[in-house]
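Sequence lines, in order, name chains A and B.
The opening residue of the first sequence carries number 1 in the numbering used here; numbering runs sequentially from there.
The opening residue of the second sequence carries number 1001 in the numbering used here; numbering runs sequentially from there.
Please keep in mind that the hints were generated in silico from the structure rather than gathered at the bench.
Heads up, some of the hints might be wrong.
[What the hints assert, rightly or not] Examples of chain A residues lying across from chain B (beta carbon under 8 Å, computed):
1. Thr-78
2. Pro-82
3. Val-98
4. Val-101
5. Gly-315
6. Leu-321
[Unchecked claim] Covered stretches of chain B (in silico footprint by chain A; criterion: 3 or more residues with CB under 8 Å from a CB of chain A, positions within the stretch not fixed):
7. 1012 to 1025
8. 1032 to 1046
Glycine is no exception: its CB is placed at the ideal position from the N, C-alpha and C atoms.
If you want the building blocks of each chain, they are given just below.
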Amino acid sequence: MSATAEEQHGTTPPASDILAIAREQVLERGVPLDEAQILQVLRTGDDLLPELLELAHEVRMKWCGPEVEVEGIVSIKTGGCPEDCHFCSQSGQFTSPVRSVWLNIPELVKAAEQTAATGATEFCIVAAVRGPDERLMSQMRDGVRAIKESVPGIEVAASIGMLTQEQVDDLVDMGIHRYNHNLEAARSYFPQVVSTHSWEERWDTCLMVRESGMELCCGCLVGMGETVEQRAELAAQLGELQPDEVPLNFLNPRPGTPFGDLPLMESSEALRTIAAFRLALPRTILRYAGGRELTLGDLGTREGLLGGINAVIVGNYLTTLGRDPQEDLDLLADLKMPIKALSSSL
Amino acid sequence: MSEAQVYCGHCGEALDASGHDACRERLRMEPPRFCVHCRRRMQVQVTPTSWTARCVEHGELSSP
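From just these sequences and the hints, can you work out the full model?
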C-alpha cells in the first residue's frame, strides 16, 4: 500500500515549492515525481495553474519533443460486455441504450482508411469484452491482415480486454504494434468502479504485454469520484508500470450507467491533472482520449496541448463523437506542433 | 411521404414532452440511439469520421 504525502514527507511544503522541486527534478534531471510529490501538485491552487502548465509543457518538450502522435480508434464489437465498469455504456449489465453490434472487415478497413486520411499513424481496434474468444481473435486476424494489405502508412493497435499468454503471442504474430489495456482507476478506488474483475487482473495483462515486444498503452479515466490522493496514487502506479503511452480520459457520464449522474470534472482540475501526470511520466506519450471535448472545450484543449499532452485521438470515439479531425489538425498547425511521422514511431 | 418524428433520438421519450433541449445538445456529440419513429433502440456503429444507426423497422440513418 502506498504511503500518503504526509507520511512520506512529514509536513506539506508551500504549494509553490513543489513547482521549484519539479523544475529541478523532472525538467532538469528527468526524474519523475513520486506519489507524494504528485499529490502536492494536484493540491496546488488555480493561481499556480499557468505556471504549472508551462512547466509541464517544458518537460514534455525537453523529454518527448514537439511532435504529436495522432491516432484513430474504432469499435469492432460494441456493447453487450459482461463486465460492470460503472462508467461504461457498453456494459450489458446496465440499462444503457447502446445495443450490441459487430463491425465487418470491409467496414473496419474503411475506418482505417478514414483514420490514415487524417494523417494519423496509429489505428486502434477496440472490443467491448472481458477478453477475446476465438471468434474475436479470428476477426482480429482477418482484420489486421486486411488493413496491412490495404492501408499503408498506419500502425495497428488493439484493445480487446484481458489476455492469456497465448493470446498475447497471437497478437504479436498478427503484427499488433501496441496494445491498450487501461488501469482505469487507482488500486484503492478500483473496487468502487468495477466488481466483475480485479485491478490485479488488469495489471497482470499489462505486464504480459510489456514483456511481449508490443508497446504497452495503459491509461485511465479521471473524474469518477476519486479523491486527489487516489489520483496521485493512480499516476504513481502508471509510473511504476512504465507504459509507452498513457491515454487520459475524462468521465463523460453515460445515461443508464452507475456513474451517469456524476458531474463533469472542472476544466481547471482536468488541466492540473494533465500537468501532474506529465510530471509523473516525463518521457511517456500522454494522449488526450475520451471526454476532453465536454470537459475542456476548445480553449482547454489548446491549454492541455501546452500543458503536457503530446498525443491525440482524432475524430470519433467508440460510442460518442469527437471534434472534426481537421479542427485538431488546424490547432496543431497553429501551435507549430508537427504530427509524428510513422518512421519515427517504429 | 416520410413518417413524422415522434420520439427523441437521444432519450427515446416522446417529443411532445418538454425538456429535450439537453438531448438536442447531446446529439451534437453523439449519434441517436432511438428510432424517432418507433422508439426502438437502434444498432449504432461509430467510425472515426462517421456513424450509422439502423432500426429494424425504419432502416438506416447516417451522419451528415
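Status of the hints after comparison with the structure:
no.: 1; hint: Thr-78; result: holds (7 Å)
no.: 2; hint: Pro-82; result: violated (19 Å)
no.: 3; hint: Val-98; result: holds (7 Å)
no.: 4; hint: Val-101; result: holds (4 Å)
no.: 5; hint: Gly-315; result: holds (4 Å)
no.: 6; hint: Leu-321; result: holds (5 Å)
no.: 7; hint: 1012 to 1025; result: violated (count 1)
no.: 8; hint: 1032 to 1046; result: holds (count 8)
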